[in-house]
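Given the coordinates of chain U, work out where chain B should sit on it, guided by the hints.
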Amino acid sequence: MAYDVQTWVSVAALSGGGMAMGFGAIGAAIGEGYTAARANEAISRNPELSGDIFKTMLVGQAIAESASIFALVIAMMLLFTKFAAHILMVPVLLGAGLAMGMGAIGAGVGAGYPAGACCTGMARQPAMGGRLTTNMLIGSAVCQTPAIFALVVAFILLFTDFSQSPVSPTWAAILGAGISAGFGAIGSGLGGGLVAQASCEGIARQPLTATPVTNVMLLGQAVTQTTAIYALLVSFILMFKTFPATDLIAPPMALLAAGICMGIGAIGPAIGEGLAGQSAVAGIARNQEHVAELTRLMLVGQAVAESTGIYSLVIALILIFVV
Amino acid sequence: MEDLGRIHQLIVHVMGRDLTFNLEVIVMTWIAITALLCFGFLAARKKSIIPGPVQVVGELFINFLYGLTEDALGEERAKKYAPMICALFMFLLLCNWLGIIPHLEEPTKDLNTPLSYGLMGFVLAHHAGIKAKGLKQYLKDYCEPIFIMAPLNIIGELAKVISISFRLFGNIMGGSIIILVVSYLTFNIITPPFLNAFFGAFVGTIQAFVFTMLTLVYIAVQVN
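Protein sequence lines correspond, in order, to chains U and B. Reminder that position 269 of the first sequence reads as 269 in the working numbering, one-by-one numbering, no gaps. Reminder that position 183 of the second sequence reads as 183 in the working numbering, one-by-one numbering, no gaps.
Next comes chain B alone, as it looks inside the complex:
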């Protein structure tokens, strides 16, 4: 139970300020990145018409996500954004699944990780919006229906970053707390595999997909 709220930190003093690095999250993120790179390498190593098992999985992911991007953004923009969407989904999926393995933690359990990907999506969406509509029309859209509503529209846009990142963070952290507490209460008998299967694998997959879909939709809303 002492695990609850335990954070490995590296605090560096730079110019009178404290920089806090969350070591565990950095290591776990690198594990997820390495796993994803290995998967990519294995999937693309022997490309053939009759694909091997890893290539099939890779193709499934890409086909599915490419199709989704094309539906939302149209053929032209899909070419540009689909690689980012595919990478985002697969990375988040691996991150969320990492907690199933003992001694590893989900990087998404730390608010910093979802928040940075939320901000990335926000910047991408607004960049796409400015490019598609032009700066004038983009700014004008904030004054809908009347210009007095502009502050609330801006807060609404910023709230999107908060909602998308807290959704992922809350689900993954909530799941890991539930796994921890319920396993402790049942003396680690029988329940942990089922809890991990539900909160780790199932909820993790859904939330990775929801995060990716929302990023995609935010871009689509800005573009159209």
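Pulled out of the complex, with its shape left as it was, chain U reads as follows:
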């Protein structure tokens, strides 16, 4: 049975919305559960502070949930907007849903780590409550960056007019852009969370090191996001470059492969860089005389861990520009 274009667009909108919210719900739920578990642990250790810990837990969970709220916004827009009946809207809607759904996973889990560590830290070092909360807010806000990138890609896909572009390679480029931005955000969100967790634990362990710990945390998180930025770059190129029309099957597949290559290739390095940042921050909290050495080693280690991400970037660019 043959369906008209409008039906396919509606199908894509509904399944895109489902994917955005379905995948987008995974991360935040895990992160919030982790926070609640650590808050319970903290209250059992220091019951007098239950009020403060409860408040911190709620604030932390609210931030961990913001990635899921982005996914909810996209899902709502996909479900309730009337889209033009153009065949290229099908990959656009699927790509936007996939980008935001996948992009919310890492940030949700990641933002849960510092919130949990902040609750534990409060029970341990009640005097540092204010500083810990500030640090947690900064850390989890930076964790949201990859989810924001995914959201930007989803919005650009939804609001750009692709109707003048040739259908054949453009559908793959659009889908590739969504996949790249979505999958590319998973690792960075998670890795950034690991760094922020170590910093909250570190401040609770040694309040005097708060300033260097926060600074190095920001640095570590920023480097952790590098591969998500490569993924953003690849999806921007895929969205904004004009590709010549073709009847062959190879060029569209190359574009799709570029998106998959960069998206999935970005997951591992980002988590690895997060681990490097985590132990560097923990080290600074223990031994604040050696901030410079620890930071340098962290950066060198992260650069090496990132090299596989750069390989993915190179292959993705070759797939886009050469093949």
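It is worth saying that the hints were derived from the structure and are not from the lab. Hints are supplied without guarantee of correctness; some may be wrong.
[Said to hold, decoys possible] Derived list of chain U stretches under chain B, where covered just means 3 residues or more per stretch with a C-beta under 8 Å from a C-beta of chain B: (1) 138 to 152; (2) 285 to 298; (3) 304 to 313.
Don't be surprised by glycine CBs; every beta carbon is placed ideally from N, CA and C.
Positioned in the frame of chain U, the structure of chain B alone reads:
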């Protein structure tokens, strides 16, 4: 919603080519520069042992950033690079905060602005590296661990420019798109101040600081 993707452009034809000027960004950058100059003037106008309120804010910034530069580069080089680092941070901070004021836009929302500061940091870092290590050692460092890795090392260096500028651009542009869309969806009731406080003031501050720190670290990595 039509605001999304709207760009004010001035297109000039020179020798058969089109030069595109993004007028809005130029105006907003000048507003940020003027604000920074005014701040500098007010902070340094009446210097006294018991500082006035503006001088205190200025001193806070300078002390903090000077300390950071000294930690990363050592006392000798800090004297040279700290003014640039201080100026970079305060300028980016003002740029990122500019969007909070209605009818003004962040210049950093346009990729050209972060990219030019990223390139500036790149040139500074490599200049510092060549001066500190000598050209021979500098070139030799690209061939670590073996010379076959040189192309990938060079791509890695260039990727730093991309990552530092896209980080700022993505965050600021993402924030402004979120403010726009969510405000529109909620009919501009209640949400805009909170969205502006979070994405404009809070994320803007963090990203300005991250950009400055990374520029500093890139210099430090080249020098050491």
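Outcome, coverage of the segment 285 to 298 of chain U by chain B - at least 3 residues whose beta-carbon is closer than 8 Å to one in that chain: holds (count 4)
Stated coverage of the segment 304 to 313 of chain U by chain B [criterion: 3+ residues, CB within 8 Å]: Check passed, 5 qualifying residues.
Verdict on chain B covering the segment 138 to 152 of chain U, criterion of 3 CB contacts below 8 Å: holds (count 8)
Checked against the numbered hints listed earlier, the structure breaks none of them; every hint is satisfied.
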